[in-house]
Amino acid sequence: MIAALLGAAVLIGHQTLPPMDRDESRFAQASKQMLNSGDLVTIRFQDELRAKKPAGIYWLQSASAALFGDEDIAPYRLPSLLAMLLSIYGTYRIARTLYKPQRAVLAAAA
Numbered sequence: 316m317i318a319a320l321l322g323a324a325v326l327i328g329h330q331t332l333p334p335m336d337r338d339e340s341r342f343a344q345a346s347k348q349m350l351n352s353g354d355l356v357t358i359r360f361q362d363e364l365r366a367k368k369p370a371g372i373y374w375l376q377s378a379s380a381a382l383f384g385d386e387d388i389a390p391y392r393l394p395s396l397l398a399m400l401l402s403i404y405g406t407y408r409i410a411r412t413l414y415k416p417q418r419a420v421l422a423a424a425a
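Read left to right, the sequence shown gives residues 316 to 425 (this note's numbering).
Watch out, some of these pointers could steer you wrong.
Distance windows between CB atoms, simulated [said to hold, decoys possible]:
{"hint": "1", "residue 1": "S352", "residue 2": "R408", "range": "33 to 41 angstroms"}
{"hint": "2", "residue 1": "K415", "residue 2": "G371", "range": "34 to 42 angstroms"}
{"hint": "3", "residue 1": "L320", "residue 2": "P416", "range": "24 to 32 angstroms"}
{"hint": "4", "residue 1": "D336", "residue 2": "A422", "range": "21 to 29 angstroms"}
{"hint": "5", "residue 1": "L355", "residue 2": "G405", "range": "22 to 30 angstroms"}
{"hint": "6", "residue 1": "A398", "residue 2": "L355", "range": "13 to 21 angstroms"}
{"hint": "7", "residue 1": "S395", "residue 2": "Q417", "range": "23 to 31 angstroms"}
{"hint": "8", "residue 1": "P369", "residue 2": "R337", "range": "13 to 21 angstroms"}
{"hint": "9", "residue 1": "V325", "residue 2": "G371", "range": "16 to 24 angstroms"}
{"hint": "10", "residue 1": "A324", "residue 2": "K415", "range": "19 to 27 angstroms"}
{"hint": "11", "residue 1": "D362", "residue 2": "L396", "range": "24 to 32 angstroms"}
{"hint": "12", "residue 1": "A424", "residue 2": "L397", "range": "28 to 36 angstroms"}
{"hint": "13", "residue 1": "K368", "residue 2": "M399", "range": "29 to 37 angstroms"}
Simulated from the structure, these hints should not be mistaken for lab results.
We put the CB at the ideal spot given by N, CA and C, even for glycine.
Turn these sequences into a full structure, and let the hints guide you.
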């Protein structure tokens, strides 16, 4: 029940909230530029080289935008959302092997 409520809250915000942080906008824009240019090696935000960041998130965001469209922020958020859900599930599975099921749910919700 708790997981369903948390999931619903996250999904609503995932779809409706505009970019809140300057980094989120920059990552999304750099991923969009990567997708539009076809250059999957050189990461740029406008004309600025972004060589200090790992390329993996840009590749995942670009792939998501290629699949679901690049005009909205939601496809750029999808890889992070999936990573969050996978982390919660992994926490639950590990806690379930160590503790009682009720505590595993609490660990995943925390």
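CB of L355 to CB of G405, is that within 22 to 30 angstroms? Once the Cβ atoms are compared, 28 angstroms apart, the range 22 to 30 angstroms for G405 and L355 holds.
Taking 28 to 36 angstroms as the stated bounds, is the beta-carbon spacing between A424 and L397 within them? violated (18 angstroms)
Range hint 13 to 21 angstroms (beta carbons of A398 and L355) holds or violated: holds (20 angstroms)
Honestly, do V325 and G371 meet the 16 to 24 angstroms range at C-beta? With Cβ atoms ~22 angstroms apart, the hint holds.
If you check the beta carbons of D362 and L396, does the distance land in 24 to 32 angstroms? holds (30 angstroms)
Just to be sure I understand the hint, the distance between the Cβ atoms of K368 and M399 should be within 29 to 37 angstroms; is that true here? Roughly 19 angstroms apart at Cβ, these two residues miss the hinted range, so it is violated.
Is it true that A324 and K415 lie within 19 to 27 angstroms of each other by Cβ? holds (26 angstroms)
Quick check on a hinted range of 33 to 41 angstroms for S352 and R408, using CB atoms only. holds (40 angstroms)
Using the Cβ atoms, figure out if L320 sits within 24 to 32 angstroms of P416. violated (18 angstroms)
Distance restraint hint 21 to 29 angstroms, applied to the beta-carbon atoms of D336 and A422: 27 angstroms Cβ-Cβ, so the 21 to 29 angstroms window holds.
Holds or violated: 34 to 42 angstroms for the Cβ distance of K415 and G371? holds (36 angstroms)
Measuring from beta carbon to beta carbon, are S395 and Q417 in 23 to 31 angstroms? Holds, at about 29 angstroms.
In this structure, the earlier hints numbered 3, 12 and 13 are contradicted, and the remaining ones agree with it.
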